[in-house]
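Novice: Whole structure, please, built from the sequences with the hints as guidance.
Residue numbers (the working numbering): 827 to 1040.
To be clear, the hints were calculated from the coordinates, so they are not data collected in a lab. Source: prediction; values computed, not measured. Any given hint could be a false lead.
[Claimed, not checked] 25 Å max Cα-Cα, derived PhoX-like pairs, lysine-lysine:
#1 LYS877 - LYS860
#2 LYS866 - LYS882
#3 LYS836 - LYS882
#4 LYS873 - LYS860
#5 LYS984 - LYS836
[Said to hold, decoys possible] Computed beta-carbon distance windows for the label pairs:
#6 PRO926 - GLN881: 16 to 26 Å
#7 GLY927 - LYS860: 17 to 27 Å
#8 ILE886 - LEU931: 14 to 24 Å
#9 LEU931 - GLN899: 37 to 47 Å
#10 GLU865 - ASP891: 36 to 46 Å
Ideal Cβ positions, reconstructed from N, Cα and C, are used throughout, including at glycine.
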Amino acid sequence: MTSFPPLLPKVDAILVLDGDGNRLAGKYYGTFLKNTVGEKTSEDLRKEFEKQLHQKIAGIAARPDAAEVVTCQGRTAVFCGGSVGGGGNGDVRIVHIGPPGESELVLAHLCEGMYDALSHLMGGSTDRAVVLDSLELVFLLIDEHCDGGIILEVDGSKLASAVLLRDEEPGMVEEMRQPGVVHAGGGAADMTIGQALRQAREQFMANMTSRDGM
827 MTSFPPLLPK VDAILVLDGD GNRLAGKYYG TFLKNTVGEK TSEDLRKEFE KQLHQKIAGI
887 AARPDAAEVV TCQGRTAVFC GGSVGGGGNG DVRIVHIGPP GESELVLAHL CEGMYDALSH
947 LMGGSTDRAV VLDSLELVFL LIDEHCDGGI ILEVDGSKLA SAVLLRDEEP GMVEEMRQPG
1007 VVHAGGGAAD MTIGQALRQA REQFMANMTS RDGM
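Specialist: Following this line, the structure appears as structure tokens:
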């Protein structure tokens, strides 16, 4: 009998949103919200989706270890982060959009792992300004977490370490801006990927040293 490997969890999109629902970074996978008929572009469809999504999650603060679940346009959306007061300067939200039939528990586990990694990389803060200042790290995190909609790694510490150990590669910025990658303008434009990695690595190591000394 032929044995098949277990199915890997998949997602249709990963979004990083601020407290006002503005997209800071993210990726859409496969054919999800890719318009082929009509006047609306894929970006128009994505903005409409994100607006509806924000209306459902606004004012909900999901703990890092207890993701919340909502439904938007028939898709399951699981998120961590956010603040009760809302506002663009509050904690950002990591959102995973699952394909039809994907388990809510699986999506929650994926989302919690990525949020944990983001917190590690940002020195314990997930404030909008902090995330924007290290946006290159967020793009690297998404790539380490997911490839083509297939989840590669979930453990937060391993994800953060993988991002920080990744060497600066020629053309990496262009790779992160390939079709399907969506991000906020500005914020980290004056910092190279290498500088962002060094800064985050120093902060990460300082946090680990402080934790070990407690």
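Novice: Confirm or reject the claim that GLU865 and ASP891 have a C-beta distance inside 36 to 46 Å.
Specialist: holds, 43 Å
Novice: Hint says 14 to 24 Å; check whether the CB-CB distance for ILE886 and LEU931 agrees.
Specialist: holds, 19 Å
Novice: Decide if the proposed pair is consistent with the structure: LYS866 and LYS882, CA atoms, cutoff 25 Å inclusive.
Specialist: Given that 25 Å is the threshold and the Cα spacing comes to 23 Å, the pair holds.
Novice: Just tell me: holds or violated, for the beta carbon distance of PRO926 and GLN881 against 16 to 26 Å?
Specialist: Once the Cβ atoms are compared, 22 Å apart, the range 16 to 26 Å for GLN881 and PRO926 holds.
Novice: Does the Cβ pair LEU931, GLN899 satisfy 37 to 47 Å?
Specialist: violated, 21 Å
Novice: Below or equal to 25 Å on CA atoms is what counts here, so check LYS984 against LYS836.
Specialist: Measuring from Cα to Cα gives roughly 19 Å; hence the hint holds.
Novice: Take a look at whether the Cβ-Cβ distance between GLY927 and LYS860 falls inside 17 to 27 Å.
Specialist: About 20 Å separates the Cβ atoms of GLY927 and LYS860, which means 17 to 27 Å holds.
Novice: CA of LYS836 to CA of LYS882, is that 25 Å or under?
Specialist: Roughly 23 Å separates the two Cα atoms, so the pair holds.
Novice: Are the Cα positions of LYS877 and LYS860 separated by 25 Å at most?
Specialist: holds, 17 Å
Novice: LYS873 and LYS860 were given as a pair; does the straight-line alpha-carbon distance stay at or below 25 Å?
Specialist: With Cα atoms ~12 Å apart, LYS873 and LYS860 stay inside 25 Å; holds.
In the structure shown, a violation is registered for the earlier hint numbered 9 alone.
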